[in-house]
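One line per chain: the protein sequences are A and B, in this order. Per the working numbering, the very first residue in the first sequence carries number 394; after that it's consecutive. Per the working numbering, the very first residue in the second sequence carries number 394; after that it's consecutive.
Among the hints, a few may not be true.
Which copy is meant is left open, so a pair is good if it fits within one copy or across any two.
As the list claims (entries may be wrong) - Computed cross-link-like contacts, DSS-like style, restricted to lysine-lysine with a CA-CA straight-line distance of at most 25 Å:
hint: 1; residue 1: Lys426; residue 2: Lys533
hint: 2; residue 1: Lys600; residue 2: Lys564
hint: 3; residue 1: Lys564; residue 2: Lys407
hint: 4; residue 1: Lys472; residue 2: Lys546
hint: 5; residue 1: Lys426; residue 2: Lys546
hint: 6; residue 1: Lys546; residue 2: Lys729
hint: 7; residue 1: Lys546; residue 2: Lys407
hint: 8; residue 1: Lys472; residue 2: Lys564
hint: 9; residue 1: Lys426; residue 2: Lys657
hint: 10; residue 1: Lys400; residue 2: Lys472
hint: 11; residue 1: Lys426; residue 2: Lys400
hint: 12; residue 1: Lys729; residue 2: Lys426
hint: 13; residue 1: Lys533; residue 2: Lys407
hint: 14; residue 1: Lys729; residue 2: Lys657
None of these hints come from the bench; they were simulated from the model.
This is what each chain is made of:
2 protein chains.
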Amino acid sequence: MYLARGKSWRVLWKFITLAHGSGGRETGEIVEKLIRPMVPEELWRVEGGWGLDVLDDSALIPLPDGRYLAFTVDSYTVKPLFFPGGDLGKLAASGVINDLLMAGAKPLAAVDAVVVEEGFPVEDLARILESLASTLAANKVALIGGDFKVVPKGDLDGVIITMAGVGVAEKPIVDTRIRDGDKIVVSGYLGDHGAAILSVREGIGLKLEVESDVKPLTDLMIPLIERYADYIHAAGDPTRGGLAMLLNDWAKKNGLVIAIDEAKIPVREQVRAYAELLGVDPLALASEGAAVLAVDPLMAEEVVEFMRSLGYEEATIIGEVRVPRQERHRGLVIAKTMAGGFRIVEPPSGELVPRIC
Amino acid sequence: MYLARGKSWRVLWKFITLAHGSGGRETGEIVEKLIRPMVPEELWRVEGGWGLDVLDDSALIPLPDGRYLAFTVDSYTVKPLFFPGGDLGKLAASGVINDLLMAGAKPLAAVDAVVVEEGFPVEDLARILESLASTLAANKVALIGGDFKVVPKGDLDGVIITMAGVGVAEKPIVDTRIRDGDKIVVSGYLGDHGAAILSVREGIGLKLEVESDVKPLTDLMIPLIERYADYIHAAGDPTRGGLAMLLNDWAKKNGLVIAIDEAKIPVREQVRAYAELLGVDPLALASEGAAVLAVDPLMAEEVVEFMRSLGYEEATIIGEVRVPRQERHRGLVIAKTMAGGFRIVEPPSGELVPRIC
Numbered sequence: 394m395y396l397a398r399g400k401s402w403r404v405l406w407k408f409i410t411l412a413h414g415s416g417g418r419e420t421g422e423i424v425e426k427l428i429r430p431m432v433p434e435e436l437w438r439v440e441g442g443w444g445l446d447v448l449d450d451s452a453l454i455p456l457p458d459g460r461y462l463a464f465t466v467d468s469y470t471v472k473p474l475f476f477p478g479g480d481l482g483k484l485a486a487s488g489v490i491n492d493l494l495m496a497g498a499k500p501l502a503a504v505d506a507v508v509v510e511e512g513f514p515v516e517d518l519a520r521i522l523e524s525l526a527s528t529l530a531a532n533k534v535a536l537i538g539g540d541f542k543v544v545p546k547g548d549l550d551g552v553i554i555t556m557a558g559v560g561v562a563e564k565p566i567v568d569t570r571i572r573d574g575d576k577i578v579v580s581g582y583l584g585d586h587g588a589a590i591l592s593v594r595e596g597i598g599l600k601l602e603v604e605s606d607v608k609p610l611t612d613l614m615i616p617l618i619e620r621y622a623d624y625i626h627a628a629g630d631p632t633r634g635g636l637a638m639l640l641n642d643w644a645k646k647n648g649l650v651i652a653i654d655e656a657k658i659p660v661r662e663q664v665r666a667y668a669e670l671l672g673v674d675p676l677a678l679a680s681e682g683a684a685v686l687a688v689d690p691l692m693a694e695e696v697v698e699f700m701r702s703l704g705y706e707e708a709t710i711i712g713e714v715r716v717p718r719q720e721r722h723r724g725l726v727i728a729k730t731m732a733g734g735f736r737i738v739e740p741p742s743g744e745l746v747p748r749i750c
Numbered sequence: 394m395y396l397a398r399g400k401s402w403r404v405l406w407k408f409i410t411l412a413h414g415s416g417g418r419e420t421g422e423i424v425e426k427l428i429r430p431m432v433p434e435e436l437w438r439v440e441g442g443w444g445l446d447v448l449d450d451s452a453l454i455p456l457p458d459g460r461y462l463a464f465t466v467d468s469y470t471v472k473p474l475f476f477p478g479g480d481l482g483k484l485a486a487s488g489v490i491n492d493l494l495m496a497g498a499k500p501l502a503a504v505d506a507v508v509v510e511e512g513f514p515v516e517d518l519a520r521i522l523e524s525l526a527s528t529l530a531a532n533k534v535a536l537i538g539g540d541f542k543v544v545p546k547g548d549l550d551g552v553i554i555t556m557a558g559v560g561v562a563e564k565p566i567v568d569t570r571i572r573d574g575d576k577i578v579v580s581g582y583l584g585d586h587g588a589a590i591l592s593v594r595e596g597i598g599l600k601l602e603v604e605s606d607v608k609p610l611t612d613l614m615i616p617l618i619e620r621y622a623d624y625i626h627a628a629g630d631p632t633r634g635g636l637a638m639l640l641n642d643w644a645k646k647n648g649l650v651i652a653i654d655e656a657k658i659p660v661r662e663q664v665r666a667y668a669e670l671l672g673v674d675p676l677a678l679a680s681e682g683a684a685v686l687a688v689d690p691l692m693a694e695e696v697v698e699f700m701r702s703l704g705y706e707e708a709t710i711i712g713e714v715r716v717p718r719q720e721r722h723r724g725l726v727i728a729k730t731m732a733g734g735f736r737i738v739e740p741p742s743g744e745l746v747p748r749i750c
């Protein structure tokens, strides 16, 4: 049924490429053309909830008291394991917390599955797990179980940590609720994580004084959810594929146009210059401690003020959602460029850098 | 606090070994000495539930209506990816379902995180994911989300799938409730998965006509839970480390002795002979489609009859739980051997075979 709309994966790909894991256009295709059609449609979600139908940061399952259980999983494969501003453990813990928060949920508990290469130094593993555990603990998220596997030397380069988490949402934020006129709000500088990883990756060889922004957004999102849940129509963290991917995803899911103003997007001068030097769209760089929201236009200014009062001083409105004037504009992201012209912000394609998260 | 009871990991290990991932004694030590002490004790569980305190097949979180949410995660690294009787996808789906069932829960939904090596054939990946999806669907478990990552060629040998799942338990089975006199019941032949993987693994070179028993135990456990939940004091699937590890775990957790009769344990003749040939304890071989229960002695016969009526014709009582007569017997598993003597069944130590599941 789904495949009738486009080419089957059998025609498209013979081998998995790095682009399939980029979080960009090709990852979406893998999910939509390969994985989703294998699951009977009635099992895409638990009745009354959301799942493969919306492909949001977390799936949502109705609870007996009218609230929702948010449920999410991600594997973290970042390389190097220790990077400026963080490490694999902090990344994994922050990632699972943020995915729950972006669904409007209060993170409750997590489980971790660790796969390690034989011969890996225990001291390094301990540092990573200590970082993971302390990040969860600082955010009052319980670590209630896990798995530990070792594969023979040569079968894996280092460590992979997969985190799954659950949380509880009174008013879930499902990204299919974006409306015409909604303002696009960002919580702060974008692209720091992507730039930091790029800059330390072997072979790139350009020094950059920027650290990853990796952190849990609990201190931002919990107050926002408590106060403005009715007005936040979508929330996401621009990780793999960056802001460019997230907004394309929202525009496509909702059949709307998202118009942004590049001059208003907070990107550090060094990050912007670095991206230019590498010939990379800074809007495609990953963040691991930033939130993007679609907010009711009547409340957007107030929400931004509130975010600033919470210490997110760079929070700002960067654009808005519009009804497409022509059918062919449906699902597009359009940016007013620094130079004053307009460009279409494409969903990132190909692999910018593997093992970014 | 915890570390005061034994040697710190800093003294014990410098590098991760295959044994740390065996699911045997060393895996327990990694969890107890390295991971658990990093988590503040109040975050070992969600209030009113069970987690790192009991280290069961699933963690349990109280729901607002008095029931419990079961939550579990495991990474699957099996090699080869396709083996007699199953594949990575069927193993991952069966594993998550069985871990929920063993906590007394009805499996509800799962999420999968797939990490693939660049260059992996899409056709093979599709076969694995089709197997995963159809196993979940046949058991009415929704697949509501996931993650897809690709790592550069050489950074991973093949594919790793991590599955997390949630289910709902009216009467959770927590393995700390074993009592003196409980009968140990097994659902059928043990060790088939371990023997099948061993036999096809390069370098072993001994042909064996046994297939993996990998399958979800929904058709066994759901009726059992509905009818006998009050009398099943513990349930587990003897995966890594086999029956030997599972019973040692139960004996130690409860400070009791478990006495089994080797002649009563259903192990296929070929598997037993094969294990002997390799110098391996057949009780340490993994099963992926078998259940072990501790059942109230008054109901054990009836439970076994019921299991047989469900098609588990080899279901049988293999031993019982006893109060240790001497303090030094606390936590031991003792087997009456085929020859008529007695032996202590040690928790498996060292790595029998890596990437077994």
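Task: Hint numbers not upheld by this structure, sorted from lowest to highest - done: Numbers 2, 3, 6, 8, 9, 10, 12, 13 - these are the hints that the structure violates, sorted from lowest upward.
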